[in-house]
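Chain by chain, the residues:
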Amino acid sequence: MVSHVLRAASLAAVLLMASPAKAQMIVGDAMPEPLAGAGDAMRGRAIIIDRQKGFCLLCHAAPLPDQRFMGNLAPNLAGAGARYTQAQLRLRIAMPSHLNPDTLMPSYFRTAGLYAVAMPYVGKPILDGQQIEDVVAFLMTLKEPAP
Amino acid sequence: MKRLAVLIACLSGPVCAQDSKSVSFDKRSTFDLMKPETQAMQRDDASNPAMLWVQEGRALWQAKAGSTDKACQDCHGDVASMKGVATRYPAYSAAQQKVVTLGQQIQFCRAQEQKAEPWTAEARPVLALSALVGLQSRGLPLAKTGPAEARAVAEGRALFTERRGQMNLSCAQCHDDHAGQSLGGAIIPQGHPTGYPIYRLEWQDLGSLERRLRNCLNGVRSEPWPSGSSENVAVQTYLRERAAGLPIETPAIRP
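Protein sequence lines, in the order shown, are assigned to chains C and G.
Using our numbering, read the first sequence as starting at 857 and increasing by one per residue.
Using our numbering, read the second sequence as starting at 500 and increasing by one per residue.
Looking at chain G on its own, in the form it has when it is part of the complex (with noise of 0.2 Å):
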């Protein structure tokens, strides 16, 4: 049994008092709560569509860019050499002097490496290299942060406790006060980042897990945070650290 110590922030109420309390729960993959043709889906890469992103991956990790005219595989070999990766990612990036998501590393290396044309954070060459990543930890364990991420995470999780939107919602007062619970037909998951980018039923589609936030953003009718900003990639650092030991599934289905 984990104990995640949840600080509820400041609420609603008249009096701004600061309240604490812990919530403990037993992690869970998102995969535990699907239906059996979808958790089949994920296991079988033949039935899995996230594999053809992987596909267009592959493809580009050898494809030569930029005006350097290098491929990723010039620097980094074959992407096997890539496992454990994205159990570590969002990081502290020296070079960048941030913490960075896996996609906005894989911008990084793009633009000062291969010296080629930018991609936007969300373009389908940047989920399929990150999907195509991902998998080389298929079945690792998230890492635990470090203190190089220790801001970052601490900004996360107010964040996650802090109530917006037109419903004035919590991410915690659903994704930890209500997990395992109906809201209308989806049983609320706990919420952990183990299988991004994911095959999404409801989208069609392979997406981020910005995306994802968004959904979760536009539910409670709140602005979501910028793409790439400070305070999007800190809940998603959050999340990861959160998340801690359970098994990376890139590239999962989700319903």
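Only chain C is shown next, with the shape it has when bound in the complex (with noise of 0.2 Å):
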């Protein structure tokens, strides 16, 4: 039951306490204000691919014809860059359980209303603002549909 109420937590409470400096701001389906400095996309690239950070590809496929064992549990990333805008994928990182409280994907910068969490990453977001930008930076260099 506690755990309930802990997740039960209202959406403002879990943003002012995921960023205690900068309230985030979600506005419709968007996050328009940066997490951090400007994305690198190249270094986007090297989170999303590696596994024990952004581990993205343990559930999408993206357009990345070097790797390998990509699941198929999510959308292919595959033109998100076309499909969102800026803000639009910093919201769809950052808190997609803002838009689908169901989703199987992760809430990258989400610290509260988890449960059970293992001590050493207690109060930690997955990714940090500056390492969200730099996914969302990549994200907008998928223009190509999938095949």
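What the hints contain is simulated information worked out from the structure, not anything from laboratory work.
Heads up, some of the hints might be wrong.
Quick list of in silico lysine to any residue cross-link-like pairs, SDA-like style, CA-CA up to 20 Å [to be verified]:
1) G:Lys534 <-> C:Lys980
2) C:Lys909 <-> G:Asn717
3) C:Lys909 <-> G:Glu722
4) G:Lys526 <-> G:Gly718
5) C:Lys980 <-> G:Gly718
6) C:Lys909 <-> G:Cys715
7) C:Lys980 <-> G:Glu722
If you follow the hints, you should be able to join the two separate chains into one complex; please do so.
Laid out in structure tokens, this is it:
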């Protein structure tokens, strides 16, 4: 029961705790304010393929011919940069649970309302603001839809 | 087609809505997903590394131990008398007034009947004896749980469907909702505990169901349930109920 109560915390509180210095605003289905400095697409690519950092390819396929063992639990990332704006992608990485509470996709910037987190990760987001900006920068380069 | 009623507990949204849905699938052992070479290794006892532990288990079954100087065999006779036992674990133990795993029952016998020095939960002799006792039930279907296990099953089901860890995923999201799909290079199995203890190729070792659960919990970056805790046993009891009817494969090979 305790965990349920914890998870019922309002999103506003989630956001405040996730980023005490600067509360992030969600506007519609987007997060217009950058979480850190300008993103670097090459760093973003490295995070996406790293199975300890982004581990995106566990679930998603992506147009990265050098990558093997991509999952099929989620949409292909090809064309993500054409389907969405930067601000929409930021929300879809940082807090996808805002758009779909049932989603399988982890909320990479979320630290509150989680339950039984292993000690080393308590209070830490999966990716920090700069890493999320980097991932978004890489996704913005994916303009071609999947064949 | 067996129906599994799955309660999706309160999810992460701002409103704590209690939702329920049911999932149905043909129960399948992970064996069916394995490469033919790995299946062949499990089918042939001569090439199954777990048989080394079974041999050790046979020696332990006959070895007198503790201040009573009794062997398992002195109370139970030939190990063949253990046929069917592993189909019923985890099981309620009247003597211990709780639901226990097969490993915990073996430990209990060692303490109560042999009065011998305890082994730790995943010590090699416990795994060896569990493999030996499990083998006696190979091919028999896992039994459904009874009223004495009902509470543990309910607690286990709740834990199975509860989101946890930094990844905020539940067991059910992978093993009920996405079984058969690819997570990176692995096909997500339904997660049935039919082969424990297993020889896992990734471990290069024989290991318990608890150890396997720790792997999944580490994967979602969640605190593992303490060894022997009621939560840990409850999840294992729910897994047994969920898998009821599937044949025991102990000691199985897994990738």
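Notebook entry, point to check: Given the hint that C:Lys909 pairs with G:Glu722, does the C-alpha gap stay at or below 20 Å?
Noted result: holds, 19 Å
Next item on the list: Starting from G:Lys534, check that the Cα of C:Lys980 is at most 20 Å away, please.
Entry: Roughly 38 Å separates the two Cα atoms, so the pair is violated.
Notebook entry, point to check: Within 20 Å, alpha carbon to alpha carbon, are C:Lys909 and G:Cys715?
Noted result: holds, 17 Å
Next item on the list: Would you check the hint for C:Lys980 and G:Glu722, treating anything up to 20 Å between C-alpha atoms as holding?
Entry: Given that 20 Å is the threshold and the Cα spacing comes to 15 Å, the pair holds.
Notebook entry, point to check: Is G:Lys526 within 20 Å of G:Gly718, Cα to Cα?
Noted result: It is violated: about 24 Å lies between the C-alpha atoms, which goes past 20 Å.
Check: Has the given pair, C:Lys909 with G:Asn717, been kept, meaning a C-alpha gap of at most 20 Å?
Finding: Measuring from Cα to Cα gives roughly 14 Å; hence the hint holds.
Next item on the list: Could you grab the alpha-carbon distance between C:Lys980 and G:Gly718 and see if it respects the 20 Å cut-off?
Entry: holds, 16 Å
In the structure shown, a violation is registered for the earlier hints numbered 1, 4, in ascending order.
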